[in-house]
Amino acid sequence: MANKCFITKKYQIRCSHLLNDCNNPGIKTKETSLHGHHMDVLVTFKGPIDEESGLTVSRDFADQVIKNTILNKYDKSCLNDFLAIPTGENLVAAITKDLLSSKLSKQLHQVQLKETNKNFFSGPICNE
Amino acid sequence: MITLSRRVHFSSGHRYYNANWSEEKNKEVFGSSYSSHGHGHNYILEAQVKGPLDIDTGMVINLTDLDTILKDVSDLLDHKHLNDSVEYFKNITPTTENIAKFCFDKINMQLGKVSKATLHKVRIFEGDDLWADYYGQ
Chain A
1 MANKCFITKK YQIRCSHLLN DCNNPGIKTK ETSLHGHHMD VLVTFKGPID EESGLTVSRD
61 FADQVIKNTI LNKYDKSCLN DFLAIPTGEN LVAAITKDLL SSKLSKQLHQ VQLKETNKNF
121 FSGPICNE
Chain B
129 MITLSRRVHF SSGHRYYNAN WSEEKNKEVF GSSYSSHGHG HNYILEAQVK GPLDIDTGMV
189 INLTDLDTIL KDVSDLLDHK HLNDSVEYFK NITPTTENIA KFCFDKINMQ LGKVSKATLH
249 KVRIFEGDDL WADYYGQ
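From first to last, the protein sequence lines stand for chains A and B. For the first sequence, this note's numbering assigns the number 1 to the initial residue and increments by one for each residue that follows. For the second sequence, this note's numbering assigns the number 129 to the initial residue and increments by one for each residue that follows.
Just so you know, the hints here were simulated from the structure itself, not pulled from any lab data. One or more hints might be untrue.
What the hints assert, rightly or not - Beta-carbon label-pair distances, calculated as ranges: (1) B:Thr131 <-> A:His35: 30 to 38 Å; (2) B:His167 <-> A:Gln64: 16 to 24 Å; (3) A:Glu51 <-> B:Thr131: 29 to 37 Å; (4) A:Leu71 <-> B:Gly255: 12 to 20 Å; (5) A:Thr29 <-> B:Lys244: 46 to 54 Å; (6) B:Leu191 <-> A:Asn90: 39 to 47 Å; (7) A:Asn90 <-> B:Gly159: 27 to 35 Å; (8) A:Leu100 <-> B:Gly240: 36 to 44 Å; (9) A:Thr29 <-> B:Ala147: 55 to 63 Å.
To be verified - Below, simulated EDC-like cross-link-like pairs (lysine to aspartate or glutamate); rule was C-alpha separation at most 20 Å, straight line: (10) A:Lys4 <-> B:Asp182; (11) A:Lys114 <-> B:Asp257; (12) B:Lys244 <-> B:Glu152.
If you're wondering where the values come from, they're calculated on a predicted model, not measured in any experiment. Note that CB positions come from ideal geometry on N, CA and C, so glycine has one too.
Just need the whole structure built from these sequences, with the hints factored in.
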């Protein structure tokens, strides 16, 4: 693909979660009560640079799809409502799955999630 | 193989605009990025080079050489209105993507003259929530 470029946009979601309610002896965590994070969601798109517009992806279109698909769903939510085990790993996988069903599915490269300054998750590479 | 990333800052104005289109089409395609006179950013150019580790210097590339190249390239854009003052962008919209390509091609041309390291990627931050990565052709 000529002139392939990767565009990353950063969004934020504020979520709560509780891990020790999962009845899973494999989960070792200090997170014993419901708590929250202000997370960065990095969505990377890929594709050729359009010769006329100079864009790989329309900024407004990406914002609209992300807002409708991800932000409206997860922002200001409790992740336990969506995920049986609401870890960062499962969240990045769920967001990836949601976007692969959206109008941006063909351009999606990867979703990454910064949960805290110490925790960062990278989802699978899509559309390889 | 080791990679090294180095950053340089530049401040430029630009306008998301295709002169071959009507104003309506420009507004439709570029949406909130469209503005009648353009706007500005404090950009960050991050170049990632890769190469073997020189056993004598312990370096992939001498940072003095890399900084000289990055300054030469960023000076082409710094404190300019890209659409109006940079020949390359007279007919190419200075989107984040096209700025990344421009910088990659310029850096790549000079790198081979001073180092065995190769240019792996250029990342252009238009803001802290939007960046483009270009890996060359």
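Between Thr29 of chain A and Ala147 of chain B, does the beta-carbon spacing fit 55 to 63 Å? Given range 55 to 63 Å: holds, Cβ gap about 57 Å.
Using the beta carbons of Asn90 of chain A and Gly159 of chain B, state whether their distance is inside 27 to 35 Å or not. 33 Å, holds
Against the range 46 to 54 Å, how does the distance between the Cβ atoms of Thr29 of chain A and Lys244 of chain B compare: consistent or not? At roughly 48 Å between Cβ atoms, Lys244 of chain B and Thr29 of chain A fall inside 46 to 54 Å, so the hint holds.
Please check whether Thr131 of chain B and His35 of chain A have a Cβ separation lying inside 30 to 38 Å. Given range 30 to 38 Å: holds, Cβ gap about 37 Å.
Confirm or reject the claim that Leu191 of chain B and Asn90 of chain A have a C-beta distance inside 39 to 47 Å. For Leu191 of chain B and Asn90 of chain A the Cβ distance comes to about 41 Å; the hint holds.
Does the beta carbon distance between Leu71 of chain A and Gly255 of chain B stay inside 12 to 20 Å, or does it fall outside? 18 Å, holds
Given the hint that Lys244 of chain B pairs with Glu152 of chain B, does the C-alpha gap stay at or below 20 Å? Answer violated: Lys244 of chain B to Glu152 of chain B is near 49 Å, above 20 Å.
Cβ distance range 36 to 44 Å for Leu100 of chain A and Gly240 of chain B, holds or violated: 40 Å, holds
Whether the CB-CB distance between Glu51 of chain A and Thr131 of chain B falls inside 29 to 37 Å: 30 Å, holds
Between the alpha carbons of Lys114 of chain A and Asp257 of chain B, is the straight-line distance 20 Å or under? 13 Å, holds
When you take the CB atoms of His167 of chain B and Gln64 of chain A, is the distance between them in 16 to 24 Å? 21 Å, holds
Going straight from one Cα to the other, do Lys4 of chain A and Asp182 of chain B come out at no more than 20 Å? Roughly 31 Å between the alpha carbons, so the hint for Lys4 of chain A and Asp182 of chain B is violated.
The structure is inconsistent with the numbered hints 10, 12, although it conforms to all the rest.
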